[in-house]
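**Q** Read off the chains here:
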Amino acid sequence: MSVDYEALKKDRAQEWRENLRKSIPAKERTQVERVKMPENEPLKRNKNFNEVNKGLSEEQAIIEAKRCLDCPTPTCISGCPVNIDIPGFIKQIEKGDFLESAKVLKDTNALPAVCGRVCPQENQCELQCIYNKMKKPSVAIGHLERFASDYERNTGKISIPEVLKSNNIKIAVIGSGPSGLTFAGEMCKLGYEVTIFEALHEFGGVLVYGIPEFRLPKKIVRAEINSLEKMGVKFVKNFIVGRSAGLDELKDQGFQGFFVGSGAGLPRFMNVPGENLVNIYSSNEYLTRVNLMKAYKFPEYDTPIIKAKRVAVIGGGNTAMDSVRTAKRLGADRGAIIIYRRSEQEMPARIEEVHHAKEEGIEFLILTNPVEYIGDSEGKVKQIKVQKMELGKPDESGRRRPQPIPGSEYLIDIDIVVVGIGTSPNPLIPQTIKGIDVTRWGTLVVNEETMQTSIPYIFAGGDIVRGGATVILAMGDGTKAAESAHKYFINK
Amino acid sequence: MYKVIEKTILSENVAKLIIENKTIAKNRKPGQFVIIKMGEIGERIPLTIADADPEKGTITIIVQKVGTSSHKLFNLNAGDHISDLVGPLGQPTEVEKVGTVIAAGGGVGVAPLYPIAKAFKEAGNKLITILAARTKDLIILENEMKEFSDEFMIMTDDGSYGKKGLITAGIEEIINREKVDMVICLGPAIMMKFIALLTRKHNIHTIASLNTIMVDGTGMCGACRVTVGGKTKFVCVDGPEFNAHEVDFDEMLKRLNAYKKEEETSYSKYLKDLK
Ligand SMILES: Cc1cc2nc3c(=O)[nH]c(=O)nc-3n(C[C@H](O)[C@H](O)[C@H](O)COP(=O)(O)OP(=O)(O)OC[C@H]3O[C@@H](n4cnc5c(N)ncnc54)[C@H](O)[C@@H]3O)c2cc1C
Ligand SMILES: Cc1cc2nc3c(=O)[nH]c(=O)nc-3n(C[C@H](O)[C@H](O)[C@H](O)COP(=O)(O)OP(=O)(O)OC[C@H]3O[C@@H](n4cnc5c(N)ncnc54)[C@H](O)[C@@H]3O)c2cc1C
Ligand code: SF4
Ligand code: SF4
Ligand code: FES
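Chains as they are written, first to last, in the numbering used here: chain A, 1 to 492; chain B, 1001 to 1275.
Certain hints may be false.
Have a look at the derived ranges for each label pair, beta carbon to beta carbon [to be verified]: (1) B:G1057 <-> A:R34: 51 to 61 Å; (2) B:E1147 <-> A:N50: 52 to 62 Å; (3) B:H1081 <-> A:K434: 35 to 45 Å.
By construction, these hints were calculated from the structure, which means they are not laboratory data.
Note that CB positions come from ideal geometry on N, CA and C, so glycine has one too.
Chain B with its partners taken away, still in its complex shape:
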């Protein structure tokens, strides 16, 4: 059992949880994630380790409620316990000094982007952060990211905050203005797909962190597989980060929708049971 030490609501659908786990806090690196399972009937879901405090023996996760399991997690409070928590999983980000780096995060992709962007800044890069969401209320971690970014930009689809437009427009603006050495993107698969198309045109090395459906997270099941550079890769052990120009995003998008109907069944049952 792992205790929730602290909970902060970041927006209507997004919460930050600080959870006790000495082992993971000590050994995790930016870019890695954990798998959480809540109770006997719970499913195993992957969540990025947003931050960790090795001294206190805690890790931070940021969760957006999108369905049954993430909602359950969102509803936990300080003092509650999580029955199963395993990690750190996946390959750590290869952090290096390359020059100017754009960190582009969409929706809840901002949570896992946070530790990676921070690590790139600490490695001595010039960091330009762009956060994007459908509308103002969905922007998270604005202040946290601003703090260490050299330049900071917000884009919303409806123009309710920051600039109006898609994240690709923001990235293109910067590319046209100055030399960019690398782009890191994290968010909905469709967003990463279009970012990859754009940066390929400009020949800029781009990393995408993929959020495929997972079960075990240890390389045992193949649920998380994607095609990268024509080869099948397991996101949980080979990734989650890959060269975005090689990822078959269309295939990934389809695989993400594999359980659409079941997810809806489960979520409406959960919401009914909540009442």
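In isolation and in its complexed conformation, chain A is listed as follows:
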């Protein structure tokens, strides 16, 4: 996607923006300290599932918005995969027009309340902010994004994007994760008749089954889905494309175009001896039980989860961090431990999450790897044999490759293990669509410009194309795919 700098310039030249810019000298703006996100207290919040970040107050948001210099060439925008007009929405906040700010966000981002919470901002928009050049903390773009979209939702004045008259072209979206939702929204605006098919009994993909309530309350995802419904997107749950019905059957029903956003939902295990012992979970199972099935409310809810005092989570990504913080909240007060084979620098999890985890009393056992699980007479895991690691030469990923230190094995007593080392692409769609090109990692092959697969009327994006990536990249794919799908149907 390319940024339309001309349009941005025009917006920036508006009188109110100019006046706002002049009202405070840049020097003064840069003296303001970056806002601190109000958080619930670590030792209280690690016992409940309420959201950790409380959100900025109106006063805080306006002050933070003043820090943004409204740069003539806003470098921040190039760091955002959906190219949000960042100064545009921030200046609306400074002006006090929060609803208008939310509208600017929605022009290019269908799920701003989600992204404001879970985007790795520190590596994206905020990394490109001019403040970094001044050796100062960047503008808190993510916090402000969250503020404006929360404001809109909380006042109930949600703007529904305009939708063109129906062109009677039926489009099926497979999977309701962020890529599918974004694609659906964009196509719907253009007048297509879009239906989303979802295998599970709730919509949102990882946003509802993976990312915990304390980071992303489910009511926010639901609100975003309601907006799409109001625009006219149809939602069909409990429907697995490739099983409930195949693509051919959907074609018979009149669907002419498809978007595959089926994600990377397959848990990976390490094939370590004892991995199938009782009380060893994949993080997908652990998080799905707790988030999607609400097992943390068992027995009020019917789905159980084992609550234990000592829990070890294997891995260093967002999934592992979410699992270990969940374990803590379920009562792991004798140890909620991350076991990670590289060092903390290499951890793929967001910095904010690692920081929050530490505050909440999570222990980190780095440069350590499980080599065997040992069970009791009932087949329940009781110990992990771990091995110490050291970092060798960098591997293909550029990170230094961990190597085992011989003879360094020792045992850790444990009640539950959660394996959170990552997921693989869901094989169902690649297997059931005849003739579609698949990489050796099981991801779908697409043209990176058009997100078109080897079958012209099938587009794809998100984790089924990228392997495990991020919400905002999945959404960027959805937007790109919609643009090119539209071109495809116009030229057809």
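With chain A fixed as given, assemble chain B with the ligands onto it according to the hints.
**A** Relative to chain A, chain B with the ligands alone:
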């Protein structure tokens, strides 16, 4: 929402439900199952599609109440609605003509055995059906299975009906009498374990349909994993049927007991709330 069209009580703890679902009725094959969730607080439980009527757009399931969720399902009546129903899941049975086939079902394993046995009969095999249960009242689908079986036998642990003894005794009797080409077994894991031990001794190809604990049923969580032939398999997508001689039943038995305590808590709460 999916409407319950008809309900029949088959025994004290077992009911047959006919449920509306056009898509599944049209596309399901023998051996496949569905996942049902009842209401906001409900859990997702797997149930075999015992039968389907593509014309009427209905599927049949047979449920035995063993805990909270199965009891909830058992208590539904014609006209009630099920909030979530997804399928068909799992690999269909590979039905082929092999010669003489024993279909051995224990307890509620008889329900999922029914469509598989029927399919094997229709494929031209000689079908010998053996149903087993602890006691007479727990035998289900007797007439339905008898109808298409070439030979039919009942075994009860206490001798209150049919022959007295374990199902393995019945199978062995037949193996000693005539050439058996294949055994299909479905029931409690412990029963399948002993059947597998027996038929391995006689070198008879044996298929077991596994009923592990599941959550999503789509390959996403790994709750249903078992070791088969030394490799980890997901029952919901790789199965539910496997070569019984390769299944690590001891591991499976332990994994089935993972939530024993929680299940008891949940069920006693449910029974109390019912009153
Ligand atoms: C625990 C966890 C924490 C994470 N934290 C972050 C974070 O903080 N920030 C961030 O940016 N990213 C995070 N990620 C990554 C991010 O969530 C994913 O990259 C993103 O959700 C991928 O989106 P997607 O559109 O590809 O689909 P997904 O969200 O993976 O959803 C795919 C959907 O498709 C459905 N589906 C699959 N097959 C079929 C079928 N055949 N028929 C119908 N439906 C089907 C699935 O049930 C699922 O609902 C996290 C991931 C996990 C697991
Ligand atoms: C592929 C498959 C097909 C199935 N088909 C049928 C069917 O056609 N009819 C039917 O009545 N049941 C069937 N089951 C079993 C059914 O899913 C369980 O009985 C049900 O999930 C129990 O839930 P509950 O809350 O009622 O009992 P819980 O309180 O959860 O469990 C009670 C007891 O039942 C046992 N149990 C728990 N989960 C399972 C399970 N998944 N399988 C077997 N035993 C279990 C445990 O030993 C437990 O102690 C099938 C299971 C699978 C995996
Ligand atoms: S969507 Fe993400 S990357 Fe884009 S501006 Fe918002 S927080 Fe930054
Ligand atoms: S780079 Fe930073 S200061 Fe400049 S417009 Fe973007 S957010 Fe504002
Ligand atoms: S039930 Fe989740 S993977 Fe099989």
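**Q** A separate judgement is required for each hint: does it hold in the structure or not?
**A** Now the hints, each set against the structure:
| no. | hint | in the structure |
| --- | --- | --- |
| 1 | B:G1057 <-> A:R34: 51 to 61 Å | 60 Å, holds |
| 2 | B:E1147 <-> A:N50: 52 to 62 Å | 58 Å, holds |
| 3 | B:H1081 <-> A:K434: 35 to 45 Å | 36 Å, holds |
Against the hints set out earlier in the document, no violation occurs for any number.
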